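Here the protein sequences come in this chain order: A and B. Using full-length UniProt numbering, the letters of the first sequence map in sequence onto residues 1 to 422. Using full-length UniProt numbering, the letters of the second sequence map in sequence onto residues 1 to 214.
None of these hints come from the bench; they were simulated from the model. Computed from a predicted model, the values in this text were never measured in an experiment. There may be inaccurate statements among the hints.
[Unchecked claim] Sample of chain A residues with no beta-carbon within 12 Å of chain B, all distances over it, derived:
no. : residue
1   : 34
2   : 45
3   : 61
4   : 66
5   : 81
6   : 92
7   : 210
8   : 266
9   : 307
10  : 314
11  : 318
12  : 332
[What the hints assert, rightly or not] Result set (SDA-like, lysine to any residue): computed pairs, CA atoms no more than 20 Å apart in a straight line:
no. : chain 1 : residue 1 : chain 2 : residue 2
13  : B       : 135       : A       : 4
14  : A       : 85        : B       : 211
15  : A       : 83        : B       : 41
16  : B       : 86        : B       : 150
17  : B       : 118       : B       : 99
18  : A       : 4         : B       : 123
19  : B       : 197       : A       : 35
20  : B       : 134       : B       : 111
The beta-carbon is built from N, C-alpha and C at its ideal position, and this holds for glycine as well.
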Amino acid sequence: MEKKGSVLMLRYEVGKLLGQGTFAKVYHARNLISGDSVAVKVIDKDRIIKVGGMTDQIKREISAMRLLSHPNIVHLHEVMATKSKIYFVMEHVKGGELFNQVSTGKLREGVARKYFQQLVRAVHYCHTLGVCHRDLKPENLLLDEHGNLKVSDFGLSALSDSKRQDGLLHTTCGTPAYVAPEVMSRNGYDGFKADVWSCGVILFVLLAGYLPFRDSNLIDLYKKIGKAEFKFPNWFAPGARRLLKRILDPNPNTRISTEKIMQSSWFRKGLEEEKDNADAETDDTEPMLLKDCDKAKKQCINLNAFEIISLSTGFDLSGLFEKGEEKEEMRFTSNREASEITEKLVEIGRELKMKVSKKEEGWRVKMEGRKEGAGVEAEVFEIAPSFHMVVMKKNGGDTAEYKRLMKESIRPALMDIVLAWH
Amino acid sequence: MLAFVKRFSLKRTKHPRGYEDPQVLASETPFTVNEIEALHNLFKKLSTSIINDGLIHKEEFLLALFRNSSMQNLFADRVFYMFDRKRNGVIEFGEFVRSLSIFHPHTPEHEKSSFMFKLYDLDGTGFIQRHELKKMVGALLSETDLGLSEECIEAIVEQTMVEVDTNKDGKIDEEEWKELVAKNPSILKNMTLPYLKEVTLAFPSFVLDSEVDD
Chain A
1 MEKKGSVLML RYEVGKLLGQ GTFAKVYHAR NLISGDSVAV KVIDKDRIIK VGGMTDQIKR
61 EISAMRLLSH PNIVHLHEVM ATKSKIYFVM EHVKGGELFN QVSTGKLREG VARKYFQQLV
121 RAVHYCHTLG VCHRDLKPEN LLLDEHGNLK VSDFGLSALS DSKRQDGLLH TTCGTPAYVA
181 PEVMSRNGYD GFKADVWSCG VILFVLLAGY LPFRDSNLID LYKKIGKAEF KFPNWFAPGA
241 RRLLKRILDP NPNTRISTEK IMQSSWFRKG LEEEKDNADA ETDDTEPMLL KDCDKAKKQC
301 INLNAFEIIS LSTGFDLSGL FEKGEEKEEM RFTSNREASE ITEKLVEIGR ELKMKVSKKE
361 EGWRVKMEGR KEGAGVEAEV FEIAPSFHMV VMKKNGGDTA EYKRLMKESI RPALMDIVLA
421 WH
Chain B
1 MLAFVKRFSL KRTKHPRGYE DPQVLASETP FTVNEIEALH NLFKKLSTSI INDGLIHKEE
61 FLLALFRNSS MQNLFADRVF YMFDRKRNGV IEFGEFVRSL SIFHPHTPEH EKSSFMFKLY
121 DLDGTGFIQR HELKKMVGAL LSETDLGLSE ECIEAIVEQT MVEVDTNKDG KIDEEEWKEL
181 VAKNPSILKN MTLPYLKEVT LAFPSFVLDS EVDD
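Generate coordinates for the entire structure from the input sequences, incorporating the hints supplied.
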């Protein structure tokens, strides 16, 4: 079925084989409607269903994957299945594996740091959503055509090659080089802490050009990992050494968290400048903003009857697919003046340290998140004089982050001016 | 062993009233067979929430939309009516899939536009009449707790009729409707559900029991 030139589900034309693991094959494919390139990972059901408890885990993990949307994570578009196979249709990442870069030797500190920052942000993001990887290793770290890191197979640990043989973790080549000590020693380990360890091994390899734990004898290798016995090459900077010491801590309970890694001075180097630039930008927009506020008397968009009707929640079928509080678009009515509503939104955005701007035409407020934070866009519609409907929706950034922002910060702050949420 | 196989295959082919072959539905809609299998999972959830008979009753539909099975809402009533193509008071699986397919991001705009026109044509006369428009605006405003006066609703309706009813016959025909939609495509916004592209991820159980041949 997945031979070159064949068509999957009347939707994807299968192209060349991109890669092959012990249990999975990855093909290039093209969406026949949009023309988009995708990667399709094919797995035999026999292989996974034989392992007890795996079927529920697969369902859970696919649902969790749906929530993940991050620039440094390979996006899962859809899953497909026949009687004997499961197909994962994913974003096609064109730049190959990150570790092809290391095979020619170590990376410069600045370059290694950039990849590490992207890796840790991706891992941190998934962890905040309750998803861990459990199998971070070279094959799962890809580069896109712009040289940005993309982590693949996040949340799909049930399908990782390493887990299927005996329920224990091994990498495909049989070495546990990237695996945390507690993973080898007992069941029921904390996948989040184990991911942090793997990030440390990956950082070491990027900076050194070789693995921190090496031994031709597997038993001795286990011992070295168990005690976190490794040596820094002399070119490692003090900041990198300090950080790696805290990541490659054999005790998962005292091991550093992703949050603390992101606060460390070595990780943050180079980021401070970016932040200053972002601040400068905001300062530029402020005079324009004030000027805009002066024009507050301008009329806002007056809705016609059909636009008013279309605001009915009874006509919003997204409720069939998600729970109300999880909707991406939220609406509220208010009997305040449009200028008062937009000013309130600007004020809230500023308090949340977001970059706020108002659009010239209409009554639109844009609140942009810093870095990878989610943004919110609000538009005020007039239904009748001093009766307004405000539509708020996500404006870039990640969906889960947006929902949290709305629920925890923006909705409570709007309380005074809202008649009702819809 | 043979008995087991027999019972097993019987169980597989026993489907509730209104069930249709995913292959057939896939050939008529933008969905793949797998997406229809995933939608069947959603359908099973919706159609058994109150009455376990594999059909979506009005109360079950309202429960899914509003978390309240006795919610009064004109638009939800109209959507239910449009989904119930056979007009027998329940939504069968085939009706569910065919109707949802109109909400698919890849479905041409004219199909969405035509569905919406029929939805707003409350009396089924082939026109959206002034009193229908007024009833709908009133329904929405009471839904949003905006206590607007009768005159205010009248003014909104009048303004829209002036704008849309270009031949001044007091009702909106399908041509006038198409012109309005062309000028103002955001009116069709409710007719597209991006979630329909993610149904296989939202309802992944089918990966284990898909009946698609290799």
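Status of the hints after comparison with the structure:
no.: 1; hint: 34; in the structure: violated (9 Å)
no.: 2; hint: 45; in the structure: violated (7 Å)
no.: 3; hint: 61; in the structure: violated (9 Å)
no.: 4; hint: 66; in the structure: violated (4 Å)
no.: 5; hint: 81; in the structure: violated (4 Å)
no.: 6; hint: 92; in the structure: holds (17 Å)
no.: 7; hint: 210; in the structure: holds (39 Å)
no.: 8; hint: 266; in the structure: holds (37 Å)
no.: 9; hint: 307; in the structure: violated (6 Å)
no.: 10; hint: 314; in the structure: violated (3 Å)
no.: 11; hint: 318; in the structure: violated (6 Å)
no.: 12; hint: 332; in the structure: violated (9 Å)
no.: 13; hint: B:135 / A:4; in the structure: violated (57 Å)
no.: 14; hint: A:85 / B:211; in the structure: holds (11 Å)
no.: 15; hint: A:83 / B:41; in the structure: holds (17 Å)
no.: 16; hint: B:86 / B:150; in the structure: violated (37 Å)
no.: 17; hint: B:118 / B:99; in the structure: holds (13 Å)
no.: 18; hint: A:4 / B:123; in the structure: violated (54 Å)
no.: 19; hint: B:197 / A:35; in the structure: holds (16 Å)
no.: 20; hint: B:134 / B:111; in the structure: violated (25 Å)
Hint compliance for this structure: hints 1, 2, 3, 4, 5, 9, 10, 11, 12, 13, 16, 18, 20 are not met, and every other hint is.
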